[in-house]
Amino acid sequence: MSEHSASRNTERAGAKSAVKKDAQGATSASQAPLLKSYFLNHRKVAKQSVVRLFRHPVATLMNWLVIGIAISFPAASLLLLVDLDDVAANVKDGNQITLFLKPQISTAGGEKLTLSLSQHSSIEKVTFIDKDQALLQLKDIAGFDEALALLDENPLPATILVTPSASLVSAEQISKLGQELGAMSEVDRLQMDLEWVKRLFAIMDLVSRIVVVVGFLFILAVMLVISNTIRLAIENRRKEITVVKLVGGTDSFVRRPFLYMGLWFGAGGALIAAVLIELGFGWLNQSVVPLASSYGSTFRLSGLGVLSLLALLGIGMSLGWLGARLAVRRHLQGIEP
Amino acid sequence: MICFDGVDKHYPGGHEALSDVSFEIGRGEMVFLTGHSGAGKSTLLKLMMLMERPSAGRIVVGGQELTTIHRRKIPYYRRHIGVVFQDHQLLFDRTVFDNVALPLEICGTPPLEIGRRVRAALDKVGLLKKERALPIHLSGGEQQRVGIARAVVNKPPLLLADEPTGNLDPKLSADIMRLFQQFSQVGVTVLVASHDFALISHMNKRLLTLADGRLVSESAVPRPINSGGRFERT
Ligand SMILES: Nc1ncnc2c1ncn2[C@@H]1O[C@H](COP(=O)(O)OP(=O)(O)OP(=O)(O)O)[C@@H](O)[C@H]1O
Ligand SMILES: [Mg+2]
Numbered sequence: 001m002s003e004h005s006a007s008r009n010t011e012r013a014g015a016k017s018a019v020k021k022d023a024q025g026a027t028s029a030s031q032a033p034l035l036k037s038y039f040l041n042h043r044k045v046a047k048q049s050v051v052r053l054f055r056h057p058v059a060t061l062m063n064w065l066v067i068g069i070a071i072s073f074p075a076a077s078l079l080l081l082v083d084l085d086d087v088a089a090n091v092k093d094g095n096q097i098t099l100f101l102k103p104q105i106s107t108a109g110g111e112k113l114t115l116s117l118s119q120h121s122s123i124e125k126v127t128f129i130d131k132d133q134a135l136l137q138l139k140d141i142a143g144f145d146e147a148l149a150l151l152d153e154n155p156l157p158a159t160i161l162v163t164p165s166a167s168l169v170s171a172e173q174i175s176k177l178g179q180e181l182g183a184m185s186e187v188d189r190l191q192m193d194l195e196w197v198k199r200l201f202a203i204m205d206l207v208s209r210i211v212v213v214v215g216f217l218f219i220l221a222v223m224l225v226i227s228n229t230i231r232l233a234i235e236n237r238r239k240e241i242t243v244v245k246l247v248g249g250t251d252s253f254v255r256r257p258f259l260y261m262g263l264w265f266g267a268g269g270a271l272i273a274a275v276l277i278e279l280g281f282g283w284l285n286q287s288v289v290p291l292a293s294s295y296g297s298t299f300r301l302s303g304l305g306v307l308s309l310l311a312l313l314g315i316g317m318s319l320g321w322l323g324a325r326l327a328v329r330r331h332l333q334g335i336e337p
Numbered sequence: 338m339i340c341f342d343g344v345d346k347h348y349p350g351g352h353e354a355l356s357d358v359s360f361e362i363g364r365g366e367m368v369f370l371t372g373h374s375g376a377g378k379s380t381l382l383k384l385m386m387l388m389e390r391p392s393a394g395r396i397v398v399g400g401q402e403l404t405t406i407h408r409r410k411i412p413y414y415r416r417h418i419g420v421v422f423q424d425h426q427l428l429f430d431r432t433v434f435d436n437v438a439l440p441l442e443i444c445g446t447p448p449l450e451i452g453r454r455v456r457a458a459l460d461k462v463g464l465l466k467k468e469r470a471l472p473i474h475l476s477g478g479e480q481q482r483v484g485i486a487r488a489v490v491n492k493p494p495l496l497l498a499d500e501p502t503g504n505l506d507p508k509l510s511a512d513i514m515r516l517f518q519q520f521s522q523v524g525v526t527v528l529v530a531s532h533d534f535a536l537i538s539h540m541n542k543r544l545l546t547l548a549d550g551r552l553v554s555e556s557a558v559p560r561p562i563n564s565g566g567r568f569e570r571t
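Going down the list, the sequences are from chains A and B. Just so we're aligned, residue 1 is where the first sequence starts under the numbering used here, counting upward by one. Just so we're aligned, residue 338 is where the second sequence starts under the numbering used here, counting upward by one.
There's no promise every hint is true.
Simulated pairs of lysine-lysine, DSS-like, Cα-Cα distance not exceeding 25 Å [what the hints assert, rightly or not]:
#	chain 1	residue 1	chain 2	residue 2
1	A	131	A	102
2	B	467	A	44
3	A	125	A	198
4	B	492	A	36
5	B	410	B	467
6	B	508	A	36
7	A	112	A	102
8	A	125	A	176
9	A	112	A	176
10	B	508	B	466
11	A	239	B	508
12	B	492	B	467
13	A	139	A	176
14	B	508	B	492
15	B	410	A	239
Distance windows between CB atoms, simulated [as the list claims (entries may be wrong)]:
#	chain 1	residue 1	chain 2	residue 2	range
16	A	236	B	404	31 to 37 Å
17	A	204	B	407	54 to 60 Å
18	A	35	B	407	20 to 26 Å
19	A	62	B	393	48 to 54 Å
20	B	515	A	65	54 to 60 Å
21	B	476	A	56	26 to 32 Å
22	A	35	B	492	20 to 26 Å
23	A	59	B	448	28 to 34 Å
24	B	452	A	56	26 to 32 Å
25	A	39	B	409	21 to 27 Å
26	A	35	B	457	21 to 27 Å
27	A	59	B	407	37 to 43 Å
28	B	452	A	221	29 to 35 Å
Far from chain B by the CB rule (all over 12 Å, computed), these chain A residues [as the list claims (entries may be wrong)]:
#	residue
29	69
30	115
31	132
32	155
33	165
34	225
35	231
36	253
37	313
38	337
Simulated from the structure, these hints should not be mistaken for lab results. Every residue, glycine too, gets a C-beta built ideally from N, C-alpha and C.
Here chain A stands alone, though its shape is the one from the complex (with noise of 0.2 Å):
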């Protein structure tokens, strides 16, 4: 027994610094396969992460689908509205005005007028439509034709499109240019399409806030859903997190994986509204596509290029992560050993 002792309390001089020693010892030894193997446990982790997910295929999907439909809504109006702006920058350009003409104005009456409204000075260019061209363009239109056919006789007034001359740019002196032509007897009736084209601005410019909330709002329900879905996967795996830590894993390599998790769920998510978009887009330009090429214009929804494909896939990912980010900020701290 005392020779125990003895040798208890000459090794206890030393034994104080020992544990230190070792940990510098380890540490600065290997910093640089530390490095690498910081590396390897990521791509461990990415993968490990993955597997688990499809290890409750129908539970991943269901995530997968909520998110993917949640994200689709504020993507897909995004995108309209950038097809709907180039739409309107197109129109712009237009400022024309239509005048409907009186329809016991017969058509040497409109070519007359139209005649002397190309002397104007500020008209650039006339454009006279008699009743019978306006029934045949409108015979183009998908449906019409039948609609038509069954009126006796053509309903359509003969119409004059007038461009105003480039020199008129203010609203106020195309509008004054309006006032003077409706003031015309032949006129009937006058469609200024600067109006047309401001109002059509103004319900872009309400709508785009409407998406822009309603977008925020789901965004936030995408982020709420991947938080919870990680915090049940925190629930499931407490006893793991608490075994991590017994052994000295740090809160950075505990929470790993739940990044990850988040990751993929944004990822998996982002690419259902991709495919989700293009379905969408692709029967909705079944109807827009010949409403568009009926009016002589070439317009189609354009759907996800590459370039908003990746910008999809970024923005689930970031989600995922910032909702992962939360669930483990509130929920991994008070597991503890």
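Once you have looked at the hints, place chain B with the ligands on chain A.
Then chain B with the ligands, alone, in the frame of chain A:
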């Protein structure tokens, strides 16, 4: 290596699990901790693992003052301690190999090195053939040995074991004790909590005895504290 100074531990229920416990253990020493069930052995080990905090007193382990340690430093502190838990604390959704590899993975050990060291540790506890098995398919004793392999795999300077031979037959128990002894011979400090008097007396090591949370005796020669054991037949 380990220094307890007037340590008290009350659990929230008001129960006094440890009171005024003071002792010191030097580097490379192998010490047994014994006492009746509920005496506070596990509590004492948990305090060293920072799974519990003392209500009063000071604990210093490996030069680290445990009462003032920063939260962020706890993982790095724990990496220096190999622990065999009374309830194993294995992960049932990974193989034996992955369970044992966990402490190495956390430290960022390169994969080849992990493979080498995990197999060496499994070999020491006689489970090399089971590396691909899931812990759920192992017997209680085998699970316990997986826990032991995990505790020793990264060659920690301090080894804590809570009833490491609780489910093992006498021969395996003796093997494990020999393993621990080998560790202490190369400078690892070993503290083993156990009821197994036959084994403790066989080892002839320093012995700390707890009774109702108090350190009642400290001796190199074990002597049973309540010879009228609970499982004695009447
Ligand atoms: N988490 C806890 N909350 C409240 N009381 C606890 C807790 N853990 C342990 N105790 C109490 O503290 C006392 C000591 O428990 P401990 O687990 O340290 O005993 P032990 O010596 O390890 O017993 P055994 O040999 O049965 O494992 C017991 O009376 C127990 O009821
Ligand atoms: Mg115990």
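>> Which constraints among the numbered hints does this structure fail? Numbers only, ascending.
In response: 5, 6, 11, 13, 28, 36 and 38
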